[in-house]
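Student: Single-letter residue listing:
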Amino acid sequence: MLDIKKIRSEFPALHQMVHDSPLVYFDNGATTQKPDVVIERVQHYYENENSNIHRGVHYLSQEATSRHEEARVIIQKFINAADSKEIIFTKGTTESINLVASSFSKKFISEGDEIIVTEMEHHANIVPWQQVCEEKGAHLKVVAVLEDGSLDMESYKMLLSDRTKIIAVTHISNVTGVINPIKEIIELAHGQNIPVLIDGAQGVSHTKVDVQELDCDFYVFSGHKLFAPMGIGVLYGKESWLEKLPPYQTGGEMIKNVSFERTTFNELPFKFEAGTPNVGGALGLAAAIEYITAIGIEDIEAHEKELLDYGTQQLSKIENLRIIGTSDNKASVISFIFEDIHHYDAGTILDQLGIAVRTGNHCAQPLMKRFGLSGTIRAAFAFYNTKEEIDKLVSSINRVRKMFI
Amino acid sequence: MSIESSAAEIVEEFEMFDTWLDKYNYIIELGQELEGLDSQFKEQKYLISGCQSQVWLTAEFNDGKVYFKADSDAIITKGIVYLLIRVLSGNTPTAIVDYDLSFLEKIGLKEHLSPTRSNGLNSMIKQIKLYALVYQTKEKQR
Ligand SMILES: Cc1ncc(COP(=O)(O)O)c(C=O)c1O
Numbered sequence: 001m002l003d004i005k006k007i008r009s010e011f012p013a014l015h016q017m018v019h020d021s022p023l024v025y026f027d028n029g030a031t032t033q034k035p036d037v038v039i040e041r042v043q044h045y046y047e048n049e050n051s052n053i054h055r056g057v058h059y060l061s062q063e064a065t066s067r068h069e070e071a072r073v074i075i076q077k078f079i080n081a082a083d084s085k086e087i088i089f090t091k092g093t094t095e096s097i098n099l100v101a102s103s104f105s106k107k108f109i110s111e112g113d114e115i116i117v118t119e120m121e122h123h124a125n126i127v128p129w130q131q132v133c134e135e136k137g138a139h140l141k142v143v144a145v146l147e148d149g150s151l152d153m154e155s156y157k158m159l160l161s162d163r164t165k166i167i168a169v170t171h172i173s174n175v176t177g178v179i180n181p182i183k184e185i186i187e188l189a190h191g192q193n194i195p196v197l198i199d200g201a202q203g204v205s206h207t208k209v210d211v212q213e214l215d216c217d218f219y220v221f222s223g224h225k226l227f228a229p230m231g232i233g234v235l236y237g238k239e240s241w242l243e244k245l246p247p248y249q250t251g252g253e254m255i256k257n258v259s260f261e262r263t264t265f266n267e268l269p270f271k272f273e274a275g276t277p278n279v280g281g282a283l284g285l286a287a288a289i290e291y292i293t294a295i296g297i298e299d300i301e302a303h304e305k306e307l308l309d310y311g312t313q314q315l316s317k318i319e320n321l322r323i324i325g326t327s328d329n330k331a332s333v334i335s336f337i338f339e340d341i342h343h344y345d346a347g348t349i350l351d352q353l354g355i356a357v358r359t360g361n362h363c364a365q366p367l368m369k370r371f372g373l374s375g376t377i378r379a380a381f382a383f384y385n386t387k388e389e390i391d392k393l394v395s396s397i398n399r400v401r402k403m404f405i
Numbered sequence: 001m002s003i004e005s006s007a008a009e010i011v012e013e014f015e016m017f018d019t020w021l022d023k024y025n026y027i028i029e030l031g032q033e034l035e036g037l038d039s040q041f042k043e044q045k046y047l048i049s050g051c052q053s054q055v056w057l058t059a060e061f062n063d064g065k066v067y068f069k070a071d072s073d074a075i076i077t078k079g080i081v082y083l084l085i086r087v088l089s090g091n092t093p094t095a096i097v098d099y100d101l102s103f104l105e106k107i108g109l110k111e112h113l114s115p116t117r118s119n120g121l122n123s124m125i126k127q128i129k130l131y132a133l134v135y136q137t138k139e140k141q142r
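Quick mapping for you: the protein sequence lines, in order, are chains A and B. Numbering (the working numbering) for the first sequence: 1 to 405. Numbering (the working numbering) for the second sequence: 1 to 142.
This is chain A alone, in the form it adopts within the complex (with noise of 0.2 Å):
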């Protein structure tokens, strides 16, 4: 059992009044609020650590280093990743999806190969790859979305071919909440020697997430959506998959020796962090982790799970209410939209009493076109969101209706 008051009080974004009424915030699916451990972390980094990391020998420049690294080997234990160096900072998911379809196209995809990825995916993980397949003459093949929000596995078996060279597919999607068969989607591609990159974003703030037992060959996600600052990201890379792959961006940091007529790079996980990396933010991230872990993984996901049944069951009730991914196997998120009333409509009033929800297409056009959708209302809930809040959202929807209606 969580302990939401205490919980609660140490999320200081959490207490304000918005429009006159106090905030709910449902809107953890786009960016959860920090903890104050994070806040402090952040600014003691720079209250009293802050240097360029590997490049000086003066105390402060090591301290940096140091805990930077340290921050890598709790990322790496988080998710069990097999070593450290297969942890690679980025700014972001969208950072860690760009890096892999560059690196890896540049050597693995030519001319009438093939890849494939969901029908559900945020755009950020189509549209990298998208480029990707123009520029190598290159096919993309779009997994179907069955109309309870769950991936058409059969329509994956169908399009896995021996020339499909990659795979990416989100773990939850940020619209509907469904969780993928990932494990099951990993096996099948392995089964043809298919590598398999997992979107993360909606998947490390939900579940456990143990790259070594899924066996993925990467898995991208971002700390502004673990409770972490903004800017920060992880690419983890399977080291024989992150060994083969050619850099992604070149400068510092990067190279081992540069000559003018010759560079060689440097080891991993070096290789892909070229520049000046965001150090603060990686010191945040790792805060975070250990925040979130001696709360405990298994306890969020039940904390959440009650409020997933308690919000799909109260949302039921209303009247015109239809919610999009009905799947059993779902995440805290739950879309929404009513026959007779616009999602922006409502959105704006839900905000004029305190409520933040997302509307519109969430960055997941293809999938709003699949469900013959402009946009929807989400509401994501993180482990500090309580069921009064639920029942907040469920009048404030009754005080809406009662305005369009």
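Don't take each hint at face value.
[Claimed, not checked] With a straight-line cut-off of 27 Å between C-alpha atoms, the simulated BS3-like cross-links for lysine-lysine are:
1. B:K65 x B:K129
2. B:K42 x A:K369
3. B:K45 x A:K369
4. A:K392 x B:K23
5. B:K23 x A:K402
[Stated by the list, open to error] Computed footprint of chain A on chain B; a stretch qualifies when at least three of its residues, placed anywhere within it, have a C-beta under 8 Å from a C-beta of chain A:
6. 22-31
7. 52-62
8. 68-80
Source of the hints: derived by calculation from the structure; they are not laboratory data. Heads up, the beta-carbon is just placed ideally off N, CA and C, and yes, glycines get one too.
Position chain B with the ligand against the provided structure of chain A, taking the given hints into account.
Tutor: Frame of chain A, contents of chain B with the ligand only:
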């Protein structure tokens, strides 16, 4: 009625409301009053991009004046469009191009709409002014 006086009229109407919900209730009411467009005009050609909801806008030039008609799939957007049309429609291209739309700030609409929403508002205003500008140029050429 001139642009200035219809704008002043709207500002006065909004002064009657104390709370934001009342203001929105009024905008919703106005949205329901907006005449709207026939379905043949609800196509890509008339669609304004940059809005979270879809907005279609048409313009007609008659006797030296520009007449706008618009529609949206969201009621609040319709209400906002209604206000813009009420102030600007039926005026000369020059008057439309020159008007600064300060009435939106006076009723608190501009500051109150979040950035993405006011992008939508800005796109609507831009498109209205663009139509006026085109007619203004055409008139000068005659
Ligand atoms: C599933 C998914 N993938 C990718 C992203 C992009 O993440 P970021 O903007 O942090 O790079 C998001 C963020 O909304 C997401 O939900």
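Student: Where does the structure disagree with the numbered hints, that is, which hint numbers, in rising order?
Tutor: Per hint list: zero violations.
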